[in-house]
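Below are the chains, spelled out letter by letter.
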Amino acid sequence: MQISRKMRLPDAKAYVAERLGVSAGELSDPLVMEEVRGSHGLGRVTTFETLYPTESSATEAKFSISRVLDLPINCVERFRERTGLG
Amino acid sequence: MPTMEKRIPTRFGDGSLGHLTTSEIRAELEAGTQAGSARAKVAPLTEDELEHLLDIFASPARFSAVDIGDEVVLTYDGSGSKTVGTRTQDLLIYEQMFGADSVELGHVDYSYKAVKTILAYEAQCMKDAQLVTTVPVMYGAMPNLGLYSEPDGPTPNWSSLLPQGRVEEARAAQEQAVELAVQDMVHVADALWEAGADGIDFDTAGAAGDGDFLATLRAVEQIRARHPQMGIQVGMAGEFVLGMHGELEYHGVRLAGLWPEAQMRLVSAAGASIFGPAVNVKTDRSGAWNVARALTIAKPCVANADIPVHMNVGMGVGGVPMNTYMALDAVSRASRACVDVLKVDGL
Chain R
6 MQISRKMRLP DAKAYVAERL GVSAGELSDP LVMEEVRGSH GLGRVTTFET LYPTESSATE
66 AKFSISRVLD LPINCVERFR ERTGLG
Chain L
50 MPTMEKRIPT RFGDGSLGHL TTSEIRAELE AGTQAGSARA KVAPLTEDEL EHLLDIFASP
110 ARFSAVDIGD EVVLTYDGSG SKTVGTRTQD LLIYEQMFGA DSVELGHVDY SYKAVKTILA
170 YEAQCMKDAQ LVTTVPVMYG AMPNLGLYSE PDGPTPNWSS LLPQGRVEEA RAAQEQAVEL
230 AVQDMVHVAD ALWEAGADGI DFDTAGAAGD GDFLATLRAV EQIRARHPQM GIQVGMAGEF
290 VLGMHGELEY HGVRLAGLWP EAQMRLVSAA GASIFGPAVN VKTDRSGAWN VARALTIAKP
350 CVANADIPVH MNVGMGVGGV PMNTYMALDA VSRASRACVD VLKVDGL
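Quick mapping for you: the protein sequence lines, in order, are chains R and L. Here the working numbering is used: the first residue of the first sequence is 6, the next is one more, and so on. Here the working numbering is used: the first residue of the second sequence is 50, the next is one more, and so on.
I should point out that these hints are in silico values taken from the structure, not numbers from a laboratory. Incorrect hints may appear among the rest.
Computed cross-link-like contacts, DMTMM-like style, restricted to lysine to aspartate or glutamate with a CA-CA straight-line distance of at most 20 Å [said to hold, decoys possible]: (1) L:K176 - R:E86; (2) L:K176 - R:E65; (3) L:K165 - L:D239.
Ranges of calculated distance between the beta carbons of each label pair, as one might list FRET restraints [what the hints assert, rightly or not]: (4) L:R215 - R:E86: 48 to 56 Å; (5) R:V27 - L:T332: 42 to 50 Å; (6) L:D201 - R:E82: 34 to 42 Å.
All C-beta atoms in this analysis are idealised placements derived from N, C-alpha and C, irrespective of residue type, glycine included.
All chains, full assembly: derive it from the sequences and hints.
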């Protein structure tokens, strides 16, 4: 939100929290965000103990991030153009 | 009379570990803020702010951190520079293992003039990296105006002309270099945006003085006009824009002599998304002194910004010691101080 919309941090946190259905404080809670990232398909931090081969990751996750945050993401738009997804 | 106060381990600006009493640390903080206030002609930190800094610096803990809920986001330089693995692997290490909020692809020859010559490779790497990363990936390099002067570039070398008193020739050389640098920076930005980059970072803007800063501002302006959605980050080289030319202006504002707040206003006016002030470290003073000075100088910039401010907190800036191996105790204290006192939008 800062990079794309020049939002200052409190506004950026409030915006993202609202879109994700959490409080601004919960954005930095790793247990809460683990669930949120999973439920919204936003991508996960993977380790050898926590693997999610059937969940969104990388570009897939960025599609979800773009949709959930209503935020155009350059590489997502390029992907759409170049694959004809529209 | 020997003091009964306990001596607390604390870093100095060169990274060395010393021991100061609480009273001595308090005196360092006071001296640091007064030094910053006098130098940049800004208000010193308040008593409450100094007392909070004292809590941070008078602790013997190895690590210091912000309160839960006050976390900020981080932007980086050098997180995709082929340090451990390939550049893409390095980006993923930062994302997955270090928890980076954003990462930056860059080339080891970290200047826009240099990367212009290998632009297709950089664009391909960006495109490939975007397919496997989740966090925003910026592309970064330095304006590095000096590279446009002889022997590395086509313009006369103003650093050689100035000591000879050939001021007008030196100015003309810098003006010529500015035009060339703007072309290169815009050209690189175009290619990386086309490849899928989330944004571009102009690192160490102003390193070669007011000409370097002007080239950055003009490049930002053009890139913003060409790519309204592109993220644009400008990180300064130092606290003060050196007047190597002395008469360059942007929007009617002379660039020589600008401090962080004024720098930020021009960077924002040019169209940048994020501004990163830099305040230099004095290696012979304590970390406490340096942090107090840095916060004093940067405070009006953060308070009055209309774009996010990511304080440069790294080797030799933002209160972090000037040392290639940066001690965690020093970095964490400087970082926490920036968040707690300045309320920065990021680091």
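Structure-based check of each hint:
no. : hint                       : verdict
1   : L:K176 - R:E86             : holds (14 Å)
2   : L:K176 - R:E65             : holds (15 Å)
3   : L:K165 - L:D239            : holds (11 Å)
4   : L:R215 - R:E86: 48 to 56 Å : holds (52 Å)
5   : R:V27 - L:T332: 42 to 50 Å : holds (44 Å)
6   : L:D201 - R:E82: 34 to 42 Å : holds (37 Å)
The earlier numbered hints are all upheld by this structure, with none contradicted.
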